[in-house]
Amino acid sequence: DAGVIQSPRHEVTEMGQEVTLRCKPISGHNSLFWYRQTMMRGLELLIYFNNNVPIDDSGMPEDRFSAKMPNASFSTLKIQPSEPRDSAVYFCASSISRGSGNTIYFGEGSWLTVV
Amino acid sequence: SQQGEEDPQALSIQEGENATMNCSYKTSINNLQWYRQNSGRGLVHLILIRSNEREKHSGRLRVTLDTSKKSSSLLITASRAADTASYFCATTTGGYSTLTFGKGTMLLVSP
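Protein chains in written order, with our numbering: chain L, 11 to 125; chain V, 447 to 557.
Just so you know, these hints were derived from the structure itself, not from any lab.
Just so you know, these numbers come straight off a predicted model, no measurement behind them.
All C-beta atoms, glycine included, are put in the ideal place defined by N, C-alpha and C.
Possibly wrong hints are sitting among the right ones.
[As the list claims (entries may be wrong)] For lysine-lysine, the following DSSO-like pairs were computed, each having C-alpha atoms within a straight-line distance of at most 30 Å:
(1) 502/V with 472/V
(2) 88/L with 34/L
(3) 34/L with 549/V
(4) 549/V with 78/L
(5) 34/L with 78/L
(6) 88/L with 549/V
(7) 549/V with 502/V
(8) 516/V with 549/V
[Claimed, not checked] Anything over 10 Å on all C-beta distances counts as not near chain V; from chain L, calculated:
(9) 63
(10) 76
(11) 95
Please build the complete structure, drawing on both the sequences and the hints.
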């Protein structure tokens, strides 16, 4: 299995620009997560999808952030407009949801720098 | 918000020594998991321990869970330079499938 695939791996963009991060979960997984990692705040859950439906988006920082999952094999996280404080590593992860005890598989992350 | 808090924040040892990392959490959990993150990479699952278990082993890893103290420990025996990484505990609570992570322990194993 190829694992969770994220793109781009690295992105540098100017403040105000739109950023779109992409994720392909592991085939057969029905739960998808977007996490953000910074030195100051550690790993934060942004949003959680189950069977393509957003279940918990309470971690999405503000309206500038949006996430979609149009089908079981693709998700996007969009930041518009981007700000320097959005600079972080954004991880996509997936799992098979069977109640408690799920192992979550992470992608390699998208390293975002907003200048 | 962080549910788990790892201790110490950083740990430096020599190859062959054992490394012990601790995790404390605040609310009742369904299970607790440990993950490893190599520099510049994603997180990799190491081991899961359920709330009704007290100890679990996997290779050189030993995890304990004390629900009365709301704490867990990860022991890596006979450490190797390749064990150098950050280690995170993560918990699931209630009916959710999501994981809440601590800030991690940075482990440095010197040859």
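Does the structure break any of the earlier hints, and which numbers would those be?
none
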